[in-house]
Amino acid sequence: MINKKLPQIWYGGDYNPEQWDHPAIWEEDIRYFKEAGINVATLNVFSWALNQPDEETYDFSRLEMHMNRLYDHGIYTCLATSTAAHPAWMARKYPDVLRVDFQGRQRRFGGRHNSCPNSPTYRHYAGKMAGALGSHFKDHPGLLMWHVSNEYGGYCYCDNCAAGFRKWLKQSYHSIDRLNKLWNTRFWGHTFYSWEEIVVPNALSEEGEGNVSVFQGISLDYRRFQSDSLLECYQLEHTVLKTFTPDLQITTNLMGTYSELDYFKWGKAMDVVSWDSYPALDTPVSLTAMTHDLMRGLKDGKPFMLMEQTPSQQNWQSYNALKRPGVMRLWSYQALAHGADTVLFFQLRRSIGACEKFHGAVIEHAGHNETRVFRETEQVGRELQQLEDKLIGARITSRVAIVYDWENRWALDLSSGPTVSLDYVKEVHSYYRAFYRLNIPVDFISVEADLTGYDLVVAPVLYMVKTGHAKRIERFVENGGTFVSTFFSGIVNEHDLVTLGGYPGELRSLFGIWVEETDALDPAQFNHIVMSKQWGKLSGHYQCNLLFDLIHSEGAEVLATYGSDFYAGSPVVTRNTFGKGSAIYVGSSGDQAFTDGLIETVCNERGIVSLLPTPDGVEVTERTKAGESFLFVLNHRSEQVALTLIDQYNNLLTNEELAGEVTLEPHGVLLLKACL
Amino acid sequence: MINKKLPQIWYGGDYNPEQWDHPAIWEEDIRYFKEAGINVATLNVFSWALNQPDEETYDFSRLEMHMNRLYDHGIYTCLATSTAAHPAWMARKYPDVLRVDFQGRQRRFGGRHNSCPNSPTYRHYAGKMAGALGSHFKDHPGLLMWHVSNEYGGYCYCDNCAAGFRKWLKQSYHSIDRLNKLWNTRFWGHTFYSWEEIVVPNALSEEGEGNVSVFQGISLDYRRFQSDSLLECYQLEHTVLKTFTPDLQITTNLMGTYSELDYFKWGKAMDVVSWDSYPALDTPVSLTAMTHDLMRGLKDGKPFMLMEQTPSQQNWQSYNALKRPGVMRLWSYQALAHGADTVLFFQLRRSIGACEKFHGAVIEHAGHNETRVFRETEQVGRELQQLEDKLIGARITSRVAIVYDWENRWALDLSSGPTVSLDYVKEVHSYYRAFYRLNIPVDFISVEADLTGYDLVVAPVLYMVKTGHAKRIERFVENGGTFVSTFFSGIVNEHDLVTLGGYPGELRSLFGIWVEETDALDPAQFNHIVMSKQWGKLSGHYQCNLLFDLIHSEGAEVLATYGSDFYAGSPVVTRNTFGKGSAIYVGSSGDQAFTDGLIETVCNERGIVSLLPTPDGVEVTERTKAGESFLFVLNHRSEQVALTLIDQYNNLLTNEELAGEVTLEPHGVLLLKACL
Amino acid sequence: MINKKLPQIWYGGDYNPEQWDHPAIWEEDIRYFKEAGINVATLNVFSWALNQPDEETYDFSRLEMHMNRLYDHGIYTCLATSTAAHPAWMARKYPDVLRVDFQGRQRRFGGRHNSCPNSPTYRHYAGKMAGALGSHFKDHPGLLMWHVSNEYGGYCYCDNCAAGFRKWLKQSYHSIDRLNKLWNTRFWGHTFYSWEEIVVPNALSEEGEGNVSVFQGISLDYRRFQSDSLLECYQLEHTVLKTFTPDLQITTNLMGTYSELDYFKWGKAMDVVSWDSYPALDTPVSLTAMTHDLMRGLKDGKPFMLMEQTPSQQNWQSYNALKRPGVMRLWSYQALAHGADTVLFFQLRRSIGACEKFHGAVIEHAGHNETRVFRETEQVGRELQQLEDKLIGARITSRVAIVYDWENRWALDLSSGPTVSLDYVKEVHSYYRAFYRLNIPVDFISVEADLTGYDLVVAPVLYMVKTGHAKRIERFVENGGTFVSTFFSGIVNEHDLVTLGGYPGELRSLFGIWVEETDALDPAQFNHIVMSKQWGKLSGHYQCNLLFDLIHSEGAEVLATYGSDFYAGSPVVTRNTFGKGSAIYVGSSGDQAFTDGLIETVCNERGIVSLLPTPDGVEVTERTKAGESFLFVLNHRSEQVALTLIDQYNNLLTNEELAGEVTLEPHGVLLLKACL
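Same order as they appear, the protein sequences are chains B, R and G.
Under my numbering, think of the first position of the first sequence as 521, with each following residue one higher.
Under my numbering, think of the first position of the second sequence as 521, with each following residue one higher.
Under my numbering, think of the first position of the third sequence as 521, with each following residue one higher.
Next up, chain B with everything else stripped away, as it sits in the complex (with noise of 0.2 Å):
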């Protein structure tokens, strides 16, 4: 994605001059942002109320003014549209732009996120406002892309909403009949006889807190619906501003595994995806490594942009713990070195008021640059402006993918039974984390992806198995490729509707067993996974809990067998050789010891090698561009770590050459490049 007006890193964030109306500050901001090395300013995120006083009236001087200024110093904007939250008065005349919430009330005007995605008022004025910028602002130097409302999110179930919703069944059922079948609702004297009877599904009909549902069909598809018609108001802006400025790049900002929305369509709709990394404290960095493997995924790896992170401190969290020393600029690099193009802060300059007061930004509420943290957003800059568009468009090779589905995850959520503690992400991350540890490239990829050119494919807890999955996944196998997939997975079609004949459904002769039930109990009980003989790493027995597949093979062979209770001695882990290839089914959610055993044991099998043997918490990436390889060597750690480098390199953050073993400070950073 190398953006001719700015070839480097994008380097800068959120900046809301008009939070101050001091001539004397914005120099300030301007002078600092130049001593940082910061090139980019993302404007105008919430000022729909500013620059709109009224129905027919806009005025961008002010952000036209702010523009120039930065531009004039060599610094672009990423413009938003200031659409995320709409004006006071426009709740006051129009209600229809307000939310009804889970619980059947309608809000009234407060916070952000706050319109109806299906408000006609809400949809006619942003978009109005997506044109009044794209033609006041289509010629300005300075822009650089468009930076589409922010954080897109939260459902409504306004009545507008309801017609909607019956809108696209129709849509998606063609009849009343079809959609009774296909939700089931024979079951629980559900039965339609006209599109009218269907409400929506909230705490009044059908719901409950916490994606509790009664009918899963109905919440499913209204899931659906809701990320569609956020969607829609996405794609309304973008449209729109494509008529304007058909050569620049329109993004909106996500939330890495946020569960609302079905990424992996929004990402066909942006031209770049940008997220918003918010780790705490205690969030595994194996996580966040994830969650940007994720984001990458959504437009098949190509480049991202890290479109906010806190440069210190946040503020929404329970306890809101500084970035230690380092690991801003560490994070940062991490962003890079899992496919970003970006490094942006929110914020640049921190509010005085209101909730945000108490988040981090590059400018503090000391106001100068004498402070810890603009001494580091200042060498990351500099370090920045070094790597100049060396890393721009570099790509990350991998021979692993992981299947990641948002409808999986809602499903999953909302049905009811076998258990309340399954969690898809955390079962997900525990497979990456096995990659993770081996410094091995994984790409995340959605259940409609080519899975040609992988080795390997993990797709855990894969319950909904939608039309044409398995088989996809089974001309995968049989051409060689190897699969791995875990407890409860092939249960439902797309509808949640259970595949009758066996468990694991679909996938059933690819894995060669038959699951003929599966136990529930406190994640505090455990039975064991007891290796049938040493396989590869694995070997003895490990903890499993959660649920417990009650495995018979039908032609797999049996790698493991469960300790203990009435199905101790039957299967729990097998492999089935399917074609040229094999698929590895895990009936129970192992410790993470089990897990990483066995990816080790797979990618040995396979040859599929580490970028670099490195002690635990230490990160190796590697992206590579025309023939060039770029390896990130992260320090998660607060103590310095010793490894051995195997080729000679020169690390472009120093310049200088290293070979053989070499010190990382605590959380350091190399970024080298391979000497020829």
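Just so you know, these hints were derived from the structure itself, not from any lab.
Bear in mind that the values here come from a model prediction, so they are computed numbers and not experimental data.
Warning: the hint list may mix true and false statements.
As the list makes no split between identical chains, a pair holds if one copy fits it or if it spans any two.
[Unchecked claim] Derived EDC-like pairs (lysine to aspartate or glutamate); straight-line CA-CA distance at most 16 Å:
hint, residue 1, residue 2
1, Lys-701, Glu-538
2, Lys-648, Glu-1037
3, Lys-788, Glu-1181
4, Lys-785, Glu-752
5, Lys-1100, Glu-908
6, Lys-613, Glu-716
7, Lys-613, Asp-574
8, Lys-822, Glu-752
9, Lys-701, Asp-541
10, Lys-1057, Glu-1125
11, Lys-648, Glu-575
12, Lys-613, Glu-717
Starting from the known structure of chain B, arrange chains R and G on it as the hints suggest.
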């Protein structure tokens, strides 16, 4: 309750063939039902919307086809009236059928058990549906009995209920002055001058979540009113059905210790009690036993129906463990052992969609009979057929009764102070367990029951003493009975107004004590019950907690005193001679060892003996009929146990002769008929 | 506050004879009151509905009869205005009296404290009721004082409140531009163009449960507005009553550290402060002491009234333990010891129904005087009579003040970040305890208070520094005062807008430090305060947690540094010389040992000495009047303790002469007058 059509133990359960429009599946169903010895299917539980597409049309052709098909294969139908979930079209056209919830929000269509019991529309169409079914099926030879609605429960707070409540109050209190007096409305300025001023007690007026109320009189009466309102719905259908089939039994399925309905009142209105038993993996088996006994008590010991149990797994618990091998059989016999004449399942074939798709069934998603669950079902079916009509109508004889009162529980839950941790069911269970471990049969009786014929009556936490109850208890004791009650008894009358003059109020002379105060501590804090001297099995000291009555003896013998705190040395357990009998008062919540010792001691004194002494975990009950005795011996342990029979028996399940030392398999069952 | 009618310690409490229509009971009441030495009864707290059956009718005959009867027996009446719970007829006819709750739901009739403070109906009829009572009873000889409403509290969110809020805002901000600026509304697109666009902040707009807000400015002002609205209701009645009885004192009963009302503002409007003290079994006695001192501070040290305490038990806690023998007496003297001139109970006779029937009373349900509770009441009554008017009006003298500010607490609670665990009251209590254990008297003062006359002022977590406050503190220190504050101080102004330029903002030069950042960790994680050298009682190291200010000294002496983490070695406790005084800053939440050591050290340096050194658990306070000193010695322990008196005293409770070593009984009390 020998039924001439099917004079044997009914075996089968809920069957929803309308969920599959596949004749092939229906044929498979019949084949497997016959293999499993199934002779009864409950049809039409949730098909209102399917069978009545609009106000005027009733189409029972599908239902009749299934009844015919079943009957042709010797399977009878327990026919449900389908009124537990109104159709969506009805909710749309007649919103008065929708409940207003505790938060004051009118619900929309969704879920089940969703109709306002005071909705004119609901009552009109529910009655019409019962009539239509009665008229259509009254002469069907396969029609075995009626199953009205399903698991009645939940309260409504709509305007129709408010109007109904006022009417109910007028009928109960006649004058507003009397209501003011009995609700004590001069407290907190609640004086009412007209019935219209009274509003329903919910989160918008007098109550909070979790049975919190600031005005107990109103809240208590609202529970009575709602229980009565739902009962009127039952009775409405019952009456209609009787006009068509005066000789068929009518029931609705209850839910054990479910708190919201006064089941003793319901029991009177039903021809036979039926209930749904869903213990979790960690439910004490003694609690299941107790609940069976409670349900049997609703109709004075008449045999009841086990209407639902799962063959394997539930879906709505947090962790839905499989029933371990043998446990479904064991618990089926446990139901029979406590007076059930049926063994019925929810469900015969598992749904493929919506919220019960992960609830176990006789025919699982695999769709065939090669499953553990099916094999166990088959075994039980075979055994029950062998039993023919031997057990049908057999009764349980008990010299012990435990008093249970739903209104007492409501009043305890609603009252503010002295502790939030008092759990009526838990206190009752603690006393029940003491009999259970001795294999001493227990009847559950209401506060209206005749006590004649019992030797020992236990009434844990008899907080509310209704008019006349104290006198009946006194007569019972005067005539030689032994009465046991506990702390916080005798406090209020049926209006939750305190009986003045000293606790335990109307029971004070019976117990020969005065309770001056009641201390309440965090249940993690303990005092001790220190025995004054050895008494039977009781000596030394025991832990107690929760509440601590500060007792003065007014003639009672002090059996034990407190061990610590400022009331150390003051009475905690007393016994008063009253006429020919005695009354024992336990002033705190003793640990199980204490309660076990107390009950064993009292039983020994009264010559109430065990049916058969057994090791822990082995339960024994006896049913008798026409001079014949049937002894159930149930091994709830996962190990073999040995025990010694006193007489010589025939095991009806194996036709073996047994005497002396016998061995029970893990989860094994003996059904012993004495050899005469 | 010597009252000519009854110049002694008032003893009695809430009395609701209207709950019994039995002259015999009323006669018993009087008899027992006299036995117990009761001389004041609070009547009419909740009888609005009883005394006013409709818009026009007022019937005080019943009330007058009770006042007469009491007065005839020498008992005076504290007459309540009964406006804390509107009549049901009013709620039905004029729904505007009903509050709209935080969820936006209009409530229905129920509970108490249920009127919207901005309801025209409520204000009209509350004023009329005050007038009717004033007119009727102004000349009654038994009328001792007025008790307006009861425990004002709770907020309303109705349309009348919304309109009132806008009016209040106009008066506060004059222009919408100024409001926009001071609410920082350019954040998140909140720019308002008209007052009508502003909606109340609740769960439908800006807030969530638990003082969560996304817009602090709005939420903070709404708390001010609601506190003011309720205060206007008080003032309305106050003004009316004054027209009838200009010489009688008027009060309303407050609730200690209750968060929703700005009691310093309320205190000014009341003739005398009264409050209801309900410690639980596990409430630290120092917290009760602190709350008494806080209530005394509301009117600059003027004696206050203990309006309610329970003689034995409460009903609304989770576990309502009895007050142990002697504890009611002990806590009664504790109230006097801290400046109360009355000892009043809720309640004199226990209700028989509704939610306070399990709340203790002087006359219990037993209905006679042969109870522990009555005997203890009697003893206290006898003792108080002996004291005659000796204590009345006696004051407490203190050289130490602690700053307490309701608005500061609101702002802390509302702010998002840096930690959810900051508890203002807990932090204040931690400092208070350090004085308490030394028996050093403390005044509580508002942020507006004159600091002259104090040697030491402590302001824990002075997050919000209002206009002029910093200057007043600086003058205080310049003139020789010692000022102590803590972490997270000096952050915002009264609009919750951050003071730019570096924390602690306006206090920065006073403290001679700059706080660059504040780290927040889970409170289970600890750092250490490492003393730079021994300082008085402080040496070695202490634990600290919660928040960690990263401090740069700008001239202050570094007394202690952090022991670990990346800020190990940087300052955590500093002292700055400023003029003739010094300012101490504590940058984290130290453990109690640290705070105790700090306060003892500072007191030693300032020559602030203990009234009397005592063992732990023995509290000493002093009240003085006309040159006479009354020393209260309170043994909060359950064991006897010995202590040594310095002077010779007369124990007013026993008329014994005491000197040298004396022994206090468990929960014993000495009230010592120095022998001159």
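Hints, one by one, checked against the model:
1. In this homomeric assembly, Lys-701 and Glu-538 come within 16 Å of each other (Cα to Cα) only across copies, at 11 Å, whereas the closest approach inside a single copy is 55 Å.
2. For the identical chains of this complex, Lys-648 and Glu-1037 are neighbours neither inside a copy (56 Å) nor across copies (42 Å), given an alpha-carbon limit of 16 Å.
3. Neither within a single protomer nor between protomers do Lys-788 and Glu-1181 lie at most 16 Å apart by alpha-carbon distance, with minima of 44 Å and 75 Å respectively.
4. In this assembly of identical chains, the alpha carbons of Lys-785 and Glu-752 lie at most 16 Å apart only when taken from the same copy (11 Å versus 52 Å across copies).
5. For the identical chains of this complex, Lys-1100 and Glu-908 are neighbours neither inside a copy (46 Å) nor across copies (58 Å), given an alpha-carbon limit of 16 Å.
6. Taking the shortest Cα distances, Lys-613 and Glu-716 sit within 16 Å of each other only across copies (11 Å), while inside one copy they are farther apart (28 Å).
7. Taking identical chains as interchangeable, the C-alpha atoms of Lys-613 and Asp-574 lie at most 16 Å apart only when both belong to the same chain, with a minimum of 10 Å there against 40 Å between chains.
8. When the C-alpha separation of Lys-822 and Glu-752 is checked against a cutoff of 16 Å, the pair qualifies neither within a copy, at 23 Å, nor between copies, at 64 Å.
9. Proximity of Lys-701 and Asp-541 under a CA criterion of 16 Å is satisfied inter-copy only: 10 Å between copies versus 61 Å inside one chain copy.
10. For the identical chains of this complex, Lys-1057 and Glu-1125 are intra-copy neighbours only, at 11 Å inside a copy versus 67 Å across copies, given an alpha-carbon limit of 16 Å.
11. For a Cα distance limit of 16 Å, the shortest separation of Lys-648 from Glu-575 inside one copy, 10 Å, qualifies, whereas the shortest one across copies, 48 Å, does not.
12. When the C-alpha separation of Lys-613 and Glu-717 is checked against a cutoff of 16 Å, the pair qualifies only between copies, where the shortest distance is 9 Å, while the shortest distance within a copy is 30 Å.
Of the numbered hints given earlier, the model fails hints 2, 3, 5 and 8; all others are met.
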